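In terms of the UniProt record's numbering, the sequence shown is residues 1 to 131.
Calculated from the structure, these hints are not laboratory results. Given the structure is predicted, the values throughout are model-derived calculations rather than measurements. All C-beta atoms, glycine included, are put in the ideal place defined by N, C-alpha and C. Any given hint could turn out to be false.
[As the list claims (entries may be wrong)] Okay, the calculated beta carbon distance ranges per label pair:
#: 1; residue 1: G60; residue 2: D22; range: 17 to 25 Å
#: 2; residue 1: K90; residue 2: E54; range: 19 to 27 Å
#: 3; residue 1: G38; residue 2: V129; range: 17 to 25 Å
#: 4; residue 1: R14; residue 2: K90; range: 32 to 40 Å
#: 5; residue 1: K90; residue 2: L6; range: 21 to 29 Å
#: 6; residue 1: Y36; residue 2: K90; range: 18 to 26 Å
#: 7; residue 1: G60; residue 2: K90; range: 19 to 27 Å
#: 8; residue 1: L115; residue 2: K90; range: 15 to 23 Å
#: 9; residue 1: L115; residue 2: A23; range: 13 to 21 Å
#: 10; residue 1: K73; residue 2: A123; range: 19 to 27 Å
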Amino acid sequence: REVLFLDADNNAARDPAYLFRDATYRRAGGLFWHDYWGLRAEKVRPLQQLLGPEALAALGNVTFESGQMLLHKETAWRQLLLGVHFNLNKKAYFRMVSGIGDGDKDLLPLAFAALGGSVPQVAALPGSVGE
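Let the sequences and hints guide you as you build the complete structure.
Written out as structure tokens, the structure reads:
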């Protein structure tokens, strides 16, 4: 029921078990990390027409990293199904979010915004180590 998705190029700096106890995750059924890219200005209007201003505000001016996601399949079942709908109908939805730094990876957080009015996300912005 609970899934921590990590891309092959992601390494946990410490045991990730504490994430499953995170209050935001427990309440919402998911937890997303920000990507480096901001939401592109030309994508705001189509998203606002699709979701409404409240849900768009829940997304903030960020895109989301697809290399790690924490999901509780039972709690977030409706959001997961809407995410499947978005992906199965990609011609209608990808153009609203596609571009450098965003795309299909942002459709699942979009489903959370559309159905729950908020996107469960970590507070920290992304960083990197090394060159």
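Open item on the list: Checking each numbered hint in turn, tell me which of them this model violates, lowest number first.
Closed with: No numbers; nothing is violated.
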